[in-house]
Every structure is written in structure tokens, then in C-alpha cells.
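**Student:** Here are the chains, one letter per residue:
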Amino acid sequence: MDIRLSGVTKMFEPDIIALEDLYLSVDKGEFVYLVGTTGSGKTTLLRLLSREYLPTRGQITVGDKNLRKISRREIPFYRRDVGVVFQDYRLLPNRTVFENIAFVLEAMGIPPRIVQNRANEVIDQVGLWRRRFLNPPQLSGGEQQRVAIARAMANSPSIFLADEPTGNLDVRTSEEIMRLLLSVNAAGTTVIVATHDRYLVDAYRQRLVELHNGRLKRDEHRGRYDIDGEL
Amino acid sequence: MASFRYALRDTFRLLFRHWGLSLLTLLTAASVLYILGFTALFALNVRHMVSRVEGGLVVQAYLKKGALPDDLLAKLKAIPVVTSLKTISPDEAIERLRAKLGNQARAVTLLGENPLPWSVEVSVTKAEYITPLVRDLMIFPSVEEVLYSGKLVERLSVISRTASGVSGAILVLTMVISALVIFNTIRIAIYSRKEEIEVMLLIGATKTYISLPFVFQGLLLGAGGALLAVAGLWATYASAVAAIRSSLVFLDIIVNRQVLFQFFFLLFSFGATLGWICSWLAVHRFTSRAMRPR
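Listed in order, the protein sequences are those of chains C and W. Going by the numbering used here, the first residue of the first sequence is number -16, and it counts up by one from there. Going by the numbering used here, the first residue of the second sequence is number 6, and it counts up by one from there.
Source of the hints: derived by calculation from the structure; they are not laboratory data. Don't take each hint at face value.
Calculated pairs, SDA-like style, for lysine to any residue (alpha carbon to alpha carbon, straight line, at most 20 Å) [to be verified]:
(1) K199(W) <-> G171(C)
(2) K80(W) <-> A168(W)
(3) K91(W) <-> A168(W)
(4) K199(W) <-> N118(C)
(5) K131(W) <-> A168(W)
(6) K199(W) <-> L75(C)
(7) K52(C) <-> R299(W)
(8) K52(C) <-> A168(W)
(9) K199(W) <-> K52(C)
(10) K52(C) <-> P298(W)
(11) K199(W) <-> Q70(C)
(12) K80(W) <-> V148(W)
(13) K52(C) <-> L138(W)
(14) K199(W) <-> L286(W)
(15) K91(W) <-> T136(W)
(16) K131(W) <-> P298(W)
(17) K52(C) <-> K91(W)
(18) K82(W) <-> N119(W)
(19) K70(W) <-> P146(W)
(20) K131(W) <-> K70(W)
(21) K52(C) <-> D64(C)
(22) K70(W) <-> T136(W)
(23) K48(C) <-> K80(W)
(24) K48(C) <-> R297(W)
Construct all of the structure, not just a fragment, from the sequences and the given hints.
**Tutor:** Structure (C-alpha cells):
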């Protein structure tokens, strides 16, 4: 699914402008890095795309859906087509790795046998087969991140949004995560990754969109990190 | 079908994984329903005793000499609060007099012709209906005299009205309090899983899918709490009945098993329904708020 943002502004009370007059198009199957300093609007943009937020002005269309116009009843069905990896993982601490992944599929009413096969498949894909019966607190940060990625890719979404997926991870683990994201993209999924990871952006060059104070500053085909004010 | 199966499985998962909170909710539900049941049983017994005394009150209307009771009977039968009517012929009246006089019954023969008139004994459902009935009877052309226990009737009317009002108010208050306590306990249980619900919403679970396990859980905890309350009440009431029968024989309390079974079934249904409604309301409020786009 392609994504179109036209004149999107998002304001928070009392008068904080998180995004301002943003125009952006992402085609189906693209891989996009979203970069910018803290507070530049990266997370806000991802949240607008997952329909956690509504734009104050402007339109966002994902495929044939105008996010402003979809009803509350339609939101869960829209979100099933958007895999999200949250900055803080947001895994369910009392459920095992397997259960954390399976419940996304169960929520869609998929029969148990298919759920089991698919959950095992993605667990294997992210390399956590031997950890599948452990709970998140028993895993390392990198492993928890992989569970979050596995959960987001379990129902084969058309769009994959990842907010700082390599934050606080060492270089080797970050590279593993990056390869996972690239494999998701290789399967035809549109991937948008908000990141501060200069090393990965420069090592795996893709389309790069830079935000600055909520405005689009740069949009380059195979851009380098190069953000003013950051080392 | 699969969703329903997952909901059932998650219900038990919620119950046992958070067993401390589940136990707390169960015991809270049992306690408030016990208090509610106790209040209701007390109110029912007060009502029962008052109505037994009221049902025993009789108004006697004596007719004028030579008048027949047919017209009066027709009028009384049309009054809905009248529960029983009994006509006493002059012959029956004289027989009663003879029986009352015992050894002096012969004195009745000295009267010669039977001087006693026809009379009608009337019973009504509540003491408060007696005074208007007496007023009606007094103005009836064929009625000579009306006898009834005026002061007792007035007192009973006041007692009956007060008992109904106070027990009704206490019952409503207890019901509201139990609903609030159960609602809040379940709400706390739901809020303790706030993050879990939010994540579920973000990954595309529908409100129904999220709500079902909580609603089933509320239903089970409400029903479980009600069962405990019923068991406790049963034991309390059985020992109360035994104690009253041995020391306060004059107290006419409810011992009819059918009435008691109906009462306990009603309490059980109330508990289950309350658990269901409270959990639905709590989870509905929470998910609606969480789904509201910011």
C-alpha cells in the first residue's frame, strides 16, 4: 500500500506544533528512514500512520483509506494491516514469546492450528526458537526487540512501522535487527523506520526523509545520515 | 467460533494469572452480596410478620334486624383489597353464643325468638385499608353497627408503612452500594491490565475481542461471589431459624423452602448479572477512552 500525506499538521495542546504542513509520498514496497533530532516529529508521524493520532489539518491516505474518515469500527481492521514496532517494545510481560506473537493472530479470529504454525514460523525467522516459552523480562533487549518485530510481521502487514528499533542495542544486534527489517521489506512490505542510528543508515543506504521542527527538511533517494547538530 | 474459544481461554488465564486480584474481587462480591441478601431476608421477614398480623384483622358488620346480607356481599366482593368474606346467619350467631357461654348456654333459651341479626366478617390485605372500609360500611343502609380494633389497626398501619419504606430504602441503598463496590473492584482489575489492553488495541484487536474475557470474568466472579454469599446466608438463616424456634416461638418467620429457594436463586442471578454488567461497563469505558484518537 502506498502512503500519501498532504499538508499534514499535527498540533498538541496548548500550541505545540509537532508536524507542520507535511507533504510526503511513500510507494508500495519502499524502505524509508525517518531521521531528525529529538522532537522533530518522527514518532508523531508514525503514530499518525497507525491512527493513534488524527491530523489537526491535512489528509493522510493509506492505500484507498483516508485515515481521517475511517470509522472507529474500522480502526482495528486497518491496524491489522499495519505492523508497528514500538520504541519501548510494548510486549506483554506475563505472556511467553509464543503467546505475545500468537495473540495478534488470535485477535483476528484465525483458527488455532494456523495461529500455531504462523507464530512458530516467525519465531524461527527472528531466531528465537529456543526462547519461545520464555517471558519478555527473561530476554535481553535485542531479543525483546526481535519479539516486537516478529509480532509486527506475524499477520504479514502491508506497512511496517518501526520506532527506534535499534535504540540502546549494540552494533551486532542492531545489524541483525536491520537485516530482519530488510527481509520484511524484501517480501514487498512498505517499511518506515524512525531512527537515530547513524551507523545503520549509512551502512544500509535507503531513501532518507529528514524532519526538522516538524517540517520536511530533506528527502533523498539513498541519503546519508548527516544531521546538523549531531555528531 | 475461534474468537469465542480464545475469549474463554483468556478468561481463565485472567482469573488464574492474576489470582490475587481475582480472589479479592470474588471475596468483595461475596461480602457485598451477603450484606445485600441479609438485608433483603430481614426486610422480607419483617414484611411477612406484619402481613400475617394484618391478615388476621377482621371487621365485623352487623346488619339491621331483618336485613339480608346479599346486597352488602355484592358490594364487598367488588372491592379488590378484600381477601375474605364470611356471612354469619342469626342461627350460627346464636350457636356461637351458646358455645361461648358454655354452662350458662341455657340462658339463651330465655331470649325466646332469636334476636341476633345477620353479620359479615371481612378481612383485607393491609391494615391501612380497614379504616376506609369501615367508613364505607357505616354508610351502607342495611348496616347497623361495625366492630373493629381501631387503635391496633392504626398502629399496624403505621408499622406496616414504616417497615415497607425503611426496608425498601435499605434494600435499594444496599443494591446501589454493592453495584458500586463490584463495579469499582472490577474496574481496578481492568486498570491493572491497562497496558495489555492498550497493546491489544494498537495491534488491531476489536473491542469485542478485548472485552469478552473481562465480561466472562466479571460474570464468573459475580456468580462465584453470589454462590459464596448464598452459602453463607443459608448457614446463617438456618441457625437463626433454629434459635428463633427454640426461644422466640411467637415470631412468625419465613421457613417455606420454595420461597427461600426462589430468594436465593434471585440473589445468585443478581450477583451474576451485576458482575457481567459491571465488567462490561468498566471495560467498555476503558476501551472507548483508549480508542479515542488524540
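**Student:** Take the hints in turn and mark each one as holding or not.
**Tutor:** Hint check results:
1. K199(W) <-> G171(C): 34 Å, violated
2. K80(W) <-> A168(W): Distance ~31 Å between K80(W) and A168(W) Cα, so the pair is violated.
3. K91(W) <-> A168(W): 30 Å, violated
4. K199(W) <-> N118(C): 18 Å, holds
5. K131(W) <-> A168(W): Distance of about 13 Å is within 20 Å: holds.
6. K199(W) <-> L75(C): Cα-Cα ~11 Å, so holds.
7. K52(C) <-> R299(W): 15 Å, holds
8. K52(C) <-> A168(W): 59 Å, violated
9. K199(W) <-> K52(C): Roughly 27 Å separates the two Cα atoms, so the pair is violated.
10. K52(C) <-> P298(W): 12 Å, holds
11. K199(W) <-> Q70(C): 18 Å, holds
12. K80(W) <-> V148(W): Holds: K80(W) and V148(W) sit about 12 Å apart, inside 20 Å.
13. K52(C) <-> L138(W): Status violated; Cα separation ~70 Å.
14. K199(W) <-> L286(W): Distance ~15 Å between K199(W) and L286(W) Cα, so the pair holds.
15. K91(W) <-> T136(W): 19 Å, holds
16. K131(W) <-> P298(W): 60 Å, violated
17. K52(C) <-> K91(W): Between K52(C) and K91(W) the Cα gap is close to 77 Å, so the pair fails against 20 Å, i.e. violated.
18. K82(W) <-> N119(W): Distance ~28 Å between K82(W) and N119(W) Cα, so the pair is violated.
19. K70(W) <-> P146(W): 12 Å, holds
20. K131(W) <-> K70(W): 30 Å, violated
21. K52(C) <-> D64(C): 17 Å, holds
22. K70(W) <-> T136(W): Measuring from Cα to Cα gives roughly 24 Å; hence the hint is violated.
23. K48(C) <-> K80(W): 77 Å, violated
24. K48(C) <-> R297(W): Between K48(C) and R297(W) the Cα gap is close to 18 Å, so the pair holds against 20 Å.
Violation of the numbered hints given earlier is confined to hints 1, 2, 3, 8, 9, 13, 16, 17, 18, 20, 22 and 23; the remaining hints are satisfied by the structure.
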